[in-house]
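Protein chains in written order, with the working numbering: chain U, -17 to 245; chain X, -17 to 245.
Just so you know, the hints here were simulated from the structure itself, not pulled from any lab data.
Keeping only pairs whose Cα atoms sit at most 20 angstroms apart, straight-line, the calculated DMTMM-like set for lysine to aspartate or glutamate is:
1. LYS107(X) to ASP134(X)
2. LYS199(X) to ASP178(X)
3. LYS24(X) to GLU168(X)
4. LYS7(X) to ASP134(U)
5. LYS184(X) to GLU245(X)
6. LYS7(X) to GLU135(U)
7. LYS92(X) to ASP134(X)
8. LYS7(U) to GLU135(X)
9. LYS92(U) to GLU135(U)
10. LYS7(U) to ASP134(X)
11. LYS92(U) to ASP134(U)
12. LYS92(X) to GLU135(X)
No experiment lies behind these values; they were computed from the predicted model shown.
Number of protein chains: 2
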Amino acid sequence: MDNLLIIKIGGNIVDDATKLAAFLKDFVALPGAKILVHGGGKVATKIGAQLGIASKYVDGRRITDAATIDLVTMVYAGLINKKMVAALQSMGCNALGVTGADANLVPAIKRAVKEIDYGFVGDVKSEQLHTQTWQVLLNNGLVLIVAPITHDEQGQLLNTNADTMAQEIAKALSKFYNVSLLYSFEKAGVLLDVNDDASVVKQLGRDYYQQLKTEGKIFAGMIPKLDNAFAAIAAGVSRVIIGPAEALPALTNGTAGTTITNE
Amino acid sequence: MDNLLIIKIGGNIVDDATKLAAFLKDFVALPGAKILVHGGGKVATKIGAQLGIASKYVDGRRITDAATIDLVTMVYAGLINKKMVAALQSMGCNALGVTGADANLVPAIKRAVKEIDYGFVGDVKSEQLHTQTWQVLLNNGLVLIVAPITHDEQGQLLNTNADTMAQEIAKALSKFYNVSLLYSFEKAGVLLDVNDDASVVKQLGRDYYQQLKTEGKIFAGMIPKLDNAFAAIAAGVSRVIIGPAEALPALTNGTAGTTITNE
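Extracted from the complex, chain U is given alone in its bound form (with noise of 0.2 angstroms):
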């Protein structure tokens, strides 16, 4: 199988001009199929107050009413989208932007109203992924930059968690592809001491996290990170990667990060 390397990138990256640079300039050098997955970052919530569309939260959790996902439409689809694939273009790289209803390539439902309405929030079908669209634009050598919006198959569009999309696209792809997954992280990667980035846990497999747990020396909101990455690795995708999007070659080289496995 052709080796992908899905690689999602957080606010810390899209939000600073000179950090995206850098790190566009080395996701362009990098070989093979890629996909790049963006959050959003502080640009829709600055746009949003410009537009009086206030960032609603109900305990603790963001809710998506109309004027949000018209919002994050516009931002993450329009604007940071755009101007991504305008800059790899110019690098060369054969950027093409998507959302997940472009090609319906991630179908998503509604997230049914609980206790909390998220409002417009897509939860994606996993299974249901247009695996052959997903392929013939990779095997044409397109790269796709793919903004975190979804839809119900019935003309709304969905707001979806960018990590969620991330490893949902991969492990549909892993069927086809020997995927690599790459989760941007502002740390250095899964530490052994939170204080020090030199206690970087380089190598990690289920065996030694189920350890460290039982240590008490991962815990917190790594978990249900690790719990995700360990979950993605059992439903098909080779590898997982913990690390800063700084670090991109050293991080797909195994020499910086954290690597998750199934050994």
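Using the hints provided, position chain X relative to the given structure of chain U.
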């Protein structure tokens, strides 16, 4: 050669939710390969006003400054394009939204500053469209929804006239397809009497056009439009249709609007 239908719609359709929904339904029903080029409509002006971005004009020509190119990228490539894609997908049409920057489909050059500095406006590099990528996408059953944004291949997004965009795509693809180019128009077509919709000219060839111009029956704003239509025909486009998008099925079977051919 396979048939390819390229339709350009403007603000009178894009701004009217009822007309747009009806148009998209008719569009989905048309057989064969299809491309839809959309203009912006009033929504960009409205959102621009909310963001404090005033429309700027010099000698009646719109100027695209840095804030405006960001605005139209958000609104055209983000909001309008993706809402249309989601609506089409809900009707079983495999729509993929693109700009000219995506996959470098439509390379352009920033308009040179002469008497007027138009700002970030792109003139399409004719003969340099990436026809192979267009064909890969179309031949895989994708229906392309095109926002009138291009790029200079050096990282800068550019605002491009949607009529021009449709025409340049039609010309470039006429080497590979039997192209019909349809311009949505507010009137019934080319009229012998501007006040009488029943006076529509059903077929307009080059000789008849010259005759009507000589007789003073076609004048003013219609002349550059028709000159462009005949230029498209001369460049290989099979036919250009001018008429109201509301009558889409009749326009495409020749029973409404004006069909311009080389005869």
